[in-house]
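Q: Can you join these two chains into the complex? Each is in its own frame, and there are hints to help.
Here the protein sequences line up with chains W and R, keeping their order. Heads up: the first sequence at position 122 corresponds to 122 in this note's numbering, and the numbers run straight through without jumps. Heads up: the second sequence at position 67 corresponds to 67 in this note's numbering, and the numbers run straight through without jumps.
These aren't lab readings, by the way, just hints derived from the structure by calculation. Heads up, some of the hints might be wrong.
Derived list of chain W stretches under chain R, where covered just means 3 residues or more per stretch with a C-beta under 8 Å from a C-beta of chain R [claimed, not checked]:
#1 81-95
#2 157-168
Beta-carbon label-pair distances, calculated as ranges [as the list claims (entries may be wrong)]:
#3 R:Asn206 / W:Pro34: 51 to 57 Å
#4 R:Lys113 / W:Thr182: 54 to 60 Å
#5 R:Asp84 / W:Ala165: 42 to 48 Å
#6 R:Glu271 / W:Ser134: 53 to 59 Å
#7 R:Ser222 / W:Gly181: 33 to 39 Å
C-beta atoms are modelled at their ideal positions from N, C-alpha and C, and glycine is treated no differently.
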Amino acid sequence: MISVMFMEDHNMEFFDYLFEDAAPGDLILVYGPPKVGKSIFCYQFLYSSLVGGEPCLYIVADYGSRQLEQRMMEFNWFLRPYIQNGDVYIIDLLTRLAGVKVEDSGTLKFSSVQNLTDLMVKVGVSTRSLFRKSSKFRAILDSLTVIFAFNPPNLVLRLLKAYKARISEARGIGVVVHTTGTVEPSIENSLMELADLKLCFDGEKIQAESSAGEKFVQYTITDKGVKNIRG
Amino acid sequence: MILDLFGRKRSLEDYIRRLQELWEEEFDILLSIAGYYLDKGEHEDAMEYLEKAFKVAVEMDDKELEALVLDSMGEVYLDKREIDVAIEYFKEAFKIYSSIKSPNREEMKEKIKEVEKMKEAIEMAKLHEKLGETSTFRPGKFEVDIDKIVPKLRTLLGRLESVYKPSESSIEELKEALDIAATINDESSEASILLILGTRSFEDKNYDEAFNYFKRAEELFSKTEDKMSLGTVNVFLGIIYFLRGNEEEALENFKNAIELFRDSDDPKASEIIRDICRLLYRIKR
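Next comes chain R alone, as it looks inside the complex (with noise of 0.2 Å):
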């Protein structure tokens, strides 16, 4: 009898392959009306008709169906604003295409990177926002708890791998150890031991003498390319910066920490710079 709804009889391989088409369109069907509702920023409607194309992708036992539906599923977060949700999804859908070798695994790697910065960019722009609500006190005129901060600061110092590593050197042996460094220009331990020299003069509160280590050491991780530690000198800086009332600067140097650290895969260190900005702003979480 059912072989009269299709009006001639057909192999089985037809019939499994007619079900495979229709699986497909019905998939793409799916996918066409969720993109329709989320283009009117019906959100929830558009997630309705995911779901249902993911059950489809699923019963078609098709992987790469199955990472699209959770690309789409993020992209729907990424329109509610809801970040993190969104890339969650986006890194299910990475997972996904790493494991059947997709050729859309590094597009979504990309992606995933993108919204990671679009994610740090809001946070910034809620900081100044932030800053803005505060306006009747002057960048500068905070008063800023250092030594909350100095422990965070330590934290960030733990995570390098510095080149020199002078446990319990006198100021005097570390200066003497610069004049080496800079003698046999050995920029990457010049440039750890300024950072250690700056360190002191910071939790000495002597600022403006850590500021001129700080700029020296800047210089010398950006032509070593140590990236973790010109981050961290960049965090030095943006709170001297913010101390000095100097909110642009101070900015624009977390910034930076952010994107180093994100480049050397260090979201702990992000963490931090987040926490440091936190008790400087004195945003609650």
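One chain only, chain W, in its complex shape (with noise of 0.2 Å):
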């Protein structure tokens, strides 16, 4: 199980109690319709993670790590100081797209949705640093909209096996983000078979599906982040 520390006591059962079935170099599946709170609880995962001492990769693939530390920001998660310490690694894919020229930094790498392999070269360094700094971390995907949008779904499909395999690897827990309707029903059907877990967001509950089972807890987005709403 992965421990979820949250800065508000409360929630941690209800993180704990979705991510029960799920273990080190597991991937997760966080995925449902736009506008639901998929990339929220991602930050709120990535923030509670850097609370409790875990270090992080994050892949920010629909706008730029600006914009990452903007968004966290309004919740009051600030990113700066976990940057600047070392203890999350960002891979922006946007910035360069959109024409800005930047340079990596330290933990900081820029790559592109339209070049895959070096994604995963990244991804490869950043793993390998982390599982140096911590036996546990965790690596997260935000999000598949724009990497498809870009390439073959099947090369997209191929680039997921393999982040799995190197997150699996260096037993670290990874979260991939999907906006559902952004690809053809098949490939859907493909992403969900290499989950270990499914999180499936539609706005009210969150439906968490593994090898397990089943199960669904309710959900609001508030200004702390995603809120189970107790019933």
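A: This is the structure:
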């Protein structure tokens, strides 16, 4: 079971409950329609990891790394100190695509949604560093939407297999975000088959599905992030 | 009085129509005479009549006919084997056909392509001839100054919009990237990395290793239909074949590269190949 530490203790049980069937080396698929809190959930997952002393890799594909910091700031989750300490590695896939000239720094790497090999090279470099830093770490890919838009779907699936293998080797926990309806149903099915744990967000409840079975929790989004609604 | 010349009074429209007919007739005759001289190989006479025909076309304000004369002038230069001049005339004709949206435009475009191909073939034949003249040298025994060729190859590489751009990656990092590209079957990246690895080996003068990388890259670039990159690989392979003394394969690769660059509409790249060939075969400009 992954221990998820949150800033507010009452939220901890909720997340522990969702992740109780996940183990190091697993791939978790967070999916659902747009605007249901998938990315906020990831920010929360990232921040809880950092607060709990677990380093993290965050691959930001739908917006730039600066936007990631800004969006997290809206919830009072400040990334900057963790970036400076080298506790979080960020791979930014969009800034270069937007034509901005940027250079890699220690823990901030730039790649491109059109260059999946380069992305995987940087994932490899980051996971090796994180593994050296801590025996436990998390890797989040948010999200597949733009990656699917720029690449053949089967290539993206092969990328995910390689991503999963890389995270598993290093005994990390991988999270991948997918917006439903952005690819063909057959590709969506293949995505589901790759995941060890699936978390389906629909705006009201999170449905967790793994080999251990299914369960769900009701949730809402507040200025403190995704919170469960106690029934 | 002038009316008497025609015996009866006609309308202004009749006269203008008649004048037009006379011009058209004159134009046809001038073109036929030019054709007659061209058939006999009397190029200057042919040009003289074509120039007269051009003036008539201008007088008639008929752009289609102007283009036809320029096309014919190009034919005269083509017959004289002055291909560059011929291409200039054909291009002028093409411009006019394009400006009036003439159906002859596409035909002209094809003709220019064909003549450009012919030009490349002639240049290659000249290279062969030059090599024949120095037949006391065996190909492969030439002293090739690779250091002079490498900057040209770098310029060629700089023209590529490579999928994979590891600016200062080590060989180990590149090999890791190659493994990843192969694992996820990212053929475009795999080919680009092979090209980079081949280039590094080539610059280290490890030509056998470079050859292996380039052959694999060639196969993948053919599959992904990346003509510019494939052309660049062909140039490297051509040089390696040349260094190995296999002149036939070398020329075949250079020819392929020129065709690929032409298809990619990159004459500058073709020019670089010609420079490389001049350096290899020691031909002065």
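Q: Against each hint, give a clear statement of whether it holds in the structure.
A: Consistency of the hints with the structure:
Coverage of the stretch 81-95 of chain W by chain R is violated in this model, with 0 residues showing a Cβ closer than 8 Å to a Cβ of that chain against a need of three. Counting residues of the stretch 157-168 of chain W whose CB lies closer than 8 Å to any CB of chain R gives 4, so the stated coverage by that chain holds, three being the minimum. The hinted window of 51 to 57 Å between R:Asn206 and W:Pro34 holds, with their beta carbons roughly 52 Å apart. Here the CB-CB span from R:Lys113 to W:Thr182 is close to 42 Å, at odds with the stated 54 to 60 Å.
At about 58 Å, the beta-carbon gap between R:Asp84 and W:Ala165 misses the expected band of 42 to 48 Å. Here the CB-CB span from R:Glu271 to W:Ser134 is close to 56 Å, well matched to the stated 53 to 59 Å. For R:Ser222 paired with W:Gly181, a C-beta distance near 36 Å keeps the hint of 33 to 39 Å intact.
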